[in-house]
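2 protein chains.
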Amino acid sequence: MIKANDPNLHSWITIAPDCEFPIQNLPFGIFKAGFKDPRVGVAIGEYVLDLYALSQFGYFEEVNIPDHTVLFRDTLNAFIALGKPVWRQTRERVSELLRNDNGEFRDNEEAVRECLIKRSEVEMLMPVRVPNYTDFYSSIEHATNVGMMFRDPANALLPNWKHLPVGYHGRASSITVSGTDVIRPNGQTKVGDNAPTFGPTKELDFELEVAFITGRETQLGSTVTPDEAEDYIFGMVLFNDWSARDMQRWEYVPLGPFLAKNFASTISPWVVTLDALEPFRVAGPEQEPAVLPYLQYSGNKNLDINLEVLLKPEGGQETTICRSNYKYMYWNMNQQLAHQTSNGCNLQIGDMYASGTISGKDETSYGSMLELTWKGTKPLQLPDGSERKFINDGDTVTMRGYAEKNGIRIGFGDCTAKVLPAL
Amino acid sequence: MIKANDPNLHSWITIAPDCEFPIQNLPFGIFKAGFKDPRVGVAIGEYVLDLYALSQFGYFEEVNIPDHTVLFRDTLNAFIALGKPVWRQTRERVSELLRNDNGEFRDNEEAVRECLIKRSEVEMLMPVRVPNYTDFYSSIEHATNVGMMFRDPANALLPNWKHLPVGYHGRASSITVSGTDVIRPNGQTKVGDNAPTFGPTKELDFELEVAFITGRETQLGSTVTPDEAEDYIFGMVLFNDWSARDMQRWEYVPLGPFLAKNFASTISPWVVTLDALEPFRVAGPEQEPAVLPYLQYSGNKNLDINLEVLLKPEGGQETTICRSNYKYMYWNMNQQLAHQTSNGCNLQIGDMYASGTISGKDETSYGSMLELTWKGTKPLQLPDGSERKFINDGDTVTMRGYAEKNGIRIGFGDCTAKVLPAL
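The listed protein sequences correspond, in order, to chains L and V.
Residues in the first sequence are numbered from 1 upward in steps of one, following full-length UniProt numbering.
Residues in the second sequence are numbered from 1 upward in steps of one, following full-length UniProt numbering.
Please note: incorrect hints may appear among the correct ones.
Note that identical chains are pooled: a pair holds if it fits in a single copy or bridges any two copies.
[What the hints assert, rightly or not] In silico DSBU-like links for lysine-lysine, alpha-carbon gap of 35 Å or less: (1) 3 / 118; (2) 190 / 405; (3) 84 / 405; (4) 202 / 405; (5) 389 / 36; (6) 301 / 190; (7) 389 / 162; (8) 202 / 301; (9) 375 / 418; (10) 32 / 418; (11) 162 / 190; (12) 190 / 375; (13) 32 / 312; (14) 162 / 3; (15) 202 / 162.
In case anyone wonders, no lab produced these hints; they're calculated from the structure.
Whole structure, please, built from the sequences with the hints as guidance.
And the structure:
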């Protein structure tokens with residue numbers, strides 16, 4: 001077992017029950033406190049630990065970071081580029097410093113004052129610069145629901161779906177961190193036989209997804225097998241793949257979604273390492289027909305991560321509208337990465353690979369309004385008496401995710417965004 | 001008229017007839033000479049002009065470049081970020097220094113020795129770091145040909161095609177500069193009722209395209225109108241969108257091409273500025289039905305650029321297999337950029353926007369093997385007696401492009417790549 005994952009570890013920092021950031025998590029992010037320049041931080045309880053300041057106090061001398069200024073950047077990319085042994089060593093060292101039986105940092109009043117900042121007092125920034133972004137389509141329940149609504153209910157899954165993890169390239173520039181407002185996009189839509197029109201989307205939707213971030217680059221022509229994939233993955237975030245359904249319907253043939261998706265995606269601010277998620281591995285669904293050898297894997301590659309979506313109307317009350325789980329995925333991330341590289345496509349550090357909408361079997365586990373309201377035919381009833389077919393201006397959509405075992409909860413921090421009216 | 005475009009200008013450097021790099025061109029690129037670090041250069045005749053060295057000799061004092069080390073980088077992005085007035089001023093200054101009636105640089109032997117390097121002696125690198133890459137589908141002849149082959153010959157164009165410039169996001173990481181070999185990709189394909197198999201593509205193809213590169217960023221929510229688009233475009237390159245047709249057919253529904261495209265794209269090394277291409281503006285085809293207001297433009301937005309594709313078998317003779325022209329485009333780049341931003345999608349510096357395959361009406365002007373051989377049913381006959389349905393291992397594909405008027409030829413440099421066998 002990875003030492004920092006020991007469920008018996010306790011920190012000298014008080015961790016509230018149900019807190020997503022116990023000593024067993026220690027996710028990485030980029031934060032800004034007051035007028036100080038952005039830097040690398042780790043979430044612990046109600047605090048951010050300033051890793052750059054910590055390094056200045058000499059606490060990382062035994063960690064193999066040749067140049068500590070990689071911790072004094074506005075993205076994690078340079079830190080990630082140091083490689084998996086360094087991410088792991090850094091997390092282990094932070095764990096050691098925060099352990100309740102270790103006084104070396106705890107008892108240094110000046111260091112504690114400089115290095116621990118309340119999370120409520122910092123601004124979280126995009127954790128990585130994203131050179132490439134792929135969105136997969138790997139939930140069989142989601143793909144089936146969409147196929148039933150838009151194509152043939154009797155043959156909802158397209159012929160390729162069970163043979164390869166369908167995916168497409170998305171827009172990297174418009175991925176924003178939790179807390180960034182989303183402006184309702186304008187776009188072309190077409191209703192029935194009318195001529196197409198241009199204006200604000202009438203069918204703004206979210207998609208509940210989880211994304212992994214690569215931490216190791218490859219050269220053109222190189223491949224990564226499913227069983228090697230973990231060496232290339234730094235960590236994970238929650239991902240809201242905002243979508244405009246009416247625009248998507250009109251534009252997406254034959255080359256796929258474009259403006260219906262690329263106006264915004266929202267991610268959670270903390271990158272939870274694969275190391276921290278290791279205790280939550282579970283078996284995935286059986287894949288039948290058997291997949292081709294380049295997609296075969298060994299061991300448990302799915303992760304048991306509870307997911308939920310909450311909707312809060314302007315000035316109203318927050319309501320949970322979806323509860324799903326990342327373990328439902330038909331195609332796991334190891335297969336996704338193997339497929340992505342199977343043709344020699346090269347990976348870069350900070351690439352983001354999103355799962356596709358994660359829906360379960362149950363109607364309350366559907367990961368989009370499209371599915372929850374079945375194309376708007378079954379509107380959701382909200383506590384304030386209003387109903388929703390899609391997302392309204394002023395609505396705030398929040399995604400939460402956590403893995404839990406032995407009373408320890410490993411979470412991501414909220415992935416939240418408010419919708420502003422179209423310009 | 002832009003001063004540097006004057007057809008009566010002559011340089012003290014000898015320019016061969018038909019040379020693509022006369023004093024009226026002056027495209028920007030990144031080059032590496034011997035053991036020296038990469039830097040910004042401008043092509044002139046048979047030479048590269050080292051702009052960083054030129055700045056060290058003091059020749060850019062009147063150009064508004066606050067920090068000359070932007071010329072001493074391995075991409076053009078930092079230089080481009082200085083803005084259009086600076087690109088223009090730099091090109092005008094280089095033009096002035098190379099003019100046959102100006103001795104200030106010509107007569108400085110040491111400067112000439114340091115700053116002018118034979119193009120045959122340098123290695124050209126990727127000119128830009130590409131944060132986002134979009135591929136459009138804007139040739140009506142190409143879209144019609146593909147629709148006839150793969151869908152319904154009587155309704156070859158899909159209903160959205162004449163209402164919006166269809167496009168999709170591609171992979172930025174695998175865009176490489178001319179001269180980089182392309183490895184035949186492995187991938188999943190499916191023939192008839194057989195189970196899918198994994199192996200080298202049997203239908204490797206090129207796509208003849210031209211791409212523009214953005215030089216000005218926008219914020220999320222901002223839009224760019226067709227008439228403003230030129231202020232956001234730095235320049236253009238030739239673009240080979242390598243494609244594996246058998247993989248594409250199997251994978252592309254419903255989310256578009258993915259592994260069939262992202263194993264490699266090849267670009268020409270020199271970025272030809274919009275300024276240099278200004279004299280070659282022509283009217284585009286009439287758009288009927290009329291487009292929505294956000295896609296309407298004024299003036300001539302098409303460019304008359306001759307394009308050709310040459311095929312050279314291993315050890316064999318180079319043959320021209322296609323002659324096309326960028327002026328055939330139904331949707332122009334101003335409309336493409338307006339569409340891309342119409343939903344508020346933000347632009348970044350170095351983004352690449354490719355045209356889609358540029359085919360003309362004539363069968364010899366088709367910009368892909370798919371069309372030239374009509375899905376392989378009419379193989380091309382090569383001078384060595386062999387025939388091609390698609391591209392073979394060992395084949396070298398070269399794209400060339402130039403605009404020509406008043407005896408002045410503005411070219412891009414070869415966009416060339418050799419195909420290596422699958423790994």
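Hints versus structure:
no. : hint      : result
1   : 3 / 118   : within (26 Å within a copy, 59 Å between copies)
2   : 190 / 405 : neither (49 Å within a copy, 43 Å between copies)
3   : 84 / 405  : within (25 Å within a copy, 57 Å between copies)
4   : 202 / 405 : neither (41 Å within a copy, 49 Å between copies)
5   : 389 / 36  : neither (43 Å within a copy, 61 Å between copies)
6   : 301 / 190 : between (42 Å within a copy, 27 Å between copies)
7   : 389 / 162 : both (30 Å within a copy, 30 Å between copies)
8   : 202 / 301 : between (38 Å within a copy, 33 Å between copies)
9   : 375 / 418 : within (22 Å within a copy, 49 Å between copies)
10  : 32 / 418  : within (21 Å within a copy, 48 Å between copies)
11  : 162 / 190 : both (32 Å within a copy, 13 Å between copies)
12  : 190 / 375 : both (16 Å within a copy, 33 Å between copies)
13  : 32 / 312  : within (27 Å within a copy, 56 Å between copies)
14  : 162 / 3   : neither (38 Å within a copy, 60 Å between copies)
15  : 202 / 162 : both (32 Å within a copy, 23 Å between copies)
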